[in-house]
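Sequence lines, in order, name chains R and F. For the first sequence, position 277 (counting from the first letter as 1) is numbered 277 according to full-length UniProt numbering, and the numbering increases by one without interruption. For the second sequence, position 98 (counting from the first letter as 1) is numbered 98 according to full-length UniProt numbering, and the numbering increases by one without interruption.
The hints are simulated quantities; they were obtained by calculation from the structure and are not laboratory data. Ideal placement from N, C-alpha and C gives every residue a C-beta, glycine not left out. Among the clues, some could well be false.
Which residues of chain F face chain R? A few of them, derived with a C-beta cut under 8 Å, are [stated by the list, open to error]: (1) Gln-44; (2) Ile-130; (3) Ile-134.
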Amino acid sequence: MTIHRGRGFACINYPIGMNLGGDPSQALVHSNPDGKFTVALSAIDLGQGMKSVCRQIAAETLGIPVEDVYVDTADSDTGPHDMGSFASRGTHRMGNAVIMAAKEARSVMLEAAAEELEVDPADLVTDGKGNIHVKGAPSRSITTMAASQAAQFRQGRTIAGRGIFLIPLSDVDPETGEMTPVTTFAHAAMLVTVEVCDETGEVTVTDMQSAYEVGRALNPKLVEQQLRGGAWMGMSHAAWETTEPHYPSRDHGAVDFNGYLMPGPGDLAPHHISILERPAADGPFGGKGPGEMCANPVLPAVVNAVFDAVGVRIDALPVTPEKVLRGLKSQGGAKPRQRL
Amino acid sequence: MAMKPVTFTLNGLAKAAFTEDGQNLLDFLRRGVGDMAPKYGCGQGGCGACTVLLDGVPHLSCLTLAETVEGRRVDTASGLAGATISPLQEAFMDRFAAQCGYCTPGMLMAATALLAKNPRPNRDEVIEAISGNICRCTGYEPIIAAILDVAEGRVGA
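Excised from the complex, chain F in its bound form (with noise of 0.2 Å):
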């Protein structure tokens, strides 16, 4: 199998790693790169489990073609905590909006992307950032509260 290399900025780091012919973003990241934060979820593109920033737009991984991202900015949720957790962390952790956690990253990424395009969203538009990923334990109303807590500044700054 051909192998390619793929250089790439991953959470502001510059990275290089190698591709297999026709390998998914998700399992680069994860196998090649060493990236656990996303996850795999359906492969199918359905749960949003994956999502990762490219150029600051969220992106199902699973879909993505890894050898796409070359000369790419790429952010998953690894990259969200410096010192200490983001005010979006602050915010999920505050409103218990994770229980099994596995949707936390991929929601994680798309509040951020969304955040980042809208710093002030309403719940309308909170609703349709994350209505590609799916939750199975919470309900979806905490994760809403904790986007909103950060767009309406009452967490963080």
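So here's chain R without its partners, still in its complex pose (with noise of 0.2 Å):
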């Protein structure tokens, strides 16, 4: 018994949304009467932290502390229309129709506050604490709270506002295939180490090493925290997850967790992320968004690393100890492409 280790690397360009009918995200943002903003939206958050990019990205454009900000994606019968939570597109759809629905409501709220204290809106700017007040003299100055209170009980004025993203319908060319179905690509290079055992056939990963650009980084917590939940994904994807073991004869197919094996927390390997950030001209505040792609390059870069460590090409996901032992028994035992 040998244990060969082996690495092996994948990158990816990565589409943000998809272009199906324009791709569309609807926002609604108003203002409370205690100086609060509501965001409408009808995106779900899966727990990615959609809910706290978009309220980061309200507070910001609105002017206002975050903590004023409460996003509101409970029902989409009754929400603004949404495509959905898929295509990794939450940041960058929307996160760009709740600017355009904030920039709406900021206005209303910069003409209300402007009303009260007899200067015109375009003189003034908002310290992002809750405060409105003329530009170079702070004392002159009223809260963002006064401000949707005057609108509301005595000037009649609705702090409210509305965004969509949407892109042109993009049609594919009948002779070429040729379509523009993505505005905005994310990247990442993906290194993963592995140890194969060429008597049991188990391929465990032992590093992975990983860059990911993914625009500005909006919230970098969340998005590490993404990078690392995906990639464990991606590697059960890669060498554990399948409902169809025996594929196409459905013998043998999981129907519990004893028979859907998942790498449990003994099972982790390191890994070390890189997030570089290069700002989207077309995101939110530069963002695009990890989303999908945190799982996808796990899958090519350990096939490519069993290869590496005992020449077997394994062509039909996962990775599994038998599929290794069929292959190394066809070519007649392991070959290393390269020692470490």
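With the hints in hand, could you dock these two chains into one complex?
Have a look at this one:
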């Protein structure tokens, strides 16, 4: 029995969003009489942090504290229309819609404040702490709460804004198949080290190194955690998970967590993550979104690492011990591509 | 269907409720008592989302008969926070140890039992303690790090 080490590399250009009818997302923003703002979205936060990011984006655009923004994604029946949370589109699509809506709401908020302060709205700035004041004269000031109350109870204004992200529908050229389905790409490179046992066929990922370019990391801790969790899922897809282990035969398909295997907390590989920030021109504050791409490059990288380790080229996922052993048998044993 | 009264202690408070024949503890806690912290994951003891403590020991509430908690102490994630959240919960927040959050109540209870029994666990002991709990989102590392933060005194006291 010999343990063979190998390294595999993969890189990815990952599209953010997809052009389904222009890929629209809508956002509605309005103020409440306490000076706080509600952002209504129909896209759902699956745990990736979309609510947190949209909250930051709204606060930054409105010029108010992030604590004063509530993001409501409660009900897609009654909320503004959205294509949904998929295709890694959340930060980019909803973020852009939130900026557009928040800009409109901000302009009404400044008009209301201007009327109270008897100044021109163009002369007003926000301090990000809940105050609106005349540029260069912080003492000529009104709180966002007072401005909201004045708008609602005296001026008869609605401090609200509408936003939508929409790109032109891209038709497919019937001759060439050419189209422009997306507006921006994120990028990543991943290097994994594996150990392959030539007696059991078992593949163990021992190290992951990755570099991700996701535009500006609007919330760096959320980005890092998404990449970390996603890489685990990629490792799981690469070497463990399958509902159809003998496809197209349905035999021995997993029916529960005893048969559907996933790496547990004792099966982790150290993962070193580098995040490169290159703000996207069309992204909200330059953000793109890690989304699904955090899992994808792990799969080809693991397959390449197995090839590097023992010379077996696996062409159907996951890389199970059985497939590795069959490959080793057919080529007459391990044929490492290099000595590490 | 026969109903049977069960008296027990839930998160330090005396409780009494009726259980149906054969009702499992998870269903009893959620539907009968209204404690929604334990989650229904697989319903067959494979995922750990329903983990609660019985007299301080982790149990899978989906596989535990409700009537067996008569006279015993049951602790769920609902009881972890007092006026403020507990150091373990704080560590989970600081480390981003929850994404969708579905496994979190079970993880918290598994970790609570570990730290009560062994306040200074090492990494391998933490892994062992949560190895019956499946997490789909985080990749486990932030959860391990959060529990070690408490064990090694980096959060709370």
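Tell me if Gln-44 of chain F is really an interface residue toward chain R, meaning its C-beta lies closer than 8 Å to one of theirs. 6 Å, holds
Would the stated hint for Ile-134 of chain F survive a check requiring a Cβ distance to chain R of less than 8 Å? 6 Å, holds
Can the hint on Ile-130 of chain F be confirmed by a CB-to-CB distance to chain R that is less than 8 Å? 5 Å, holds
Hint violations for this structure: none, all hints satisfied.
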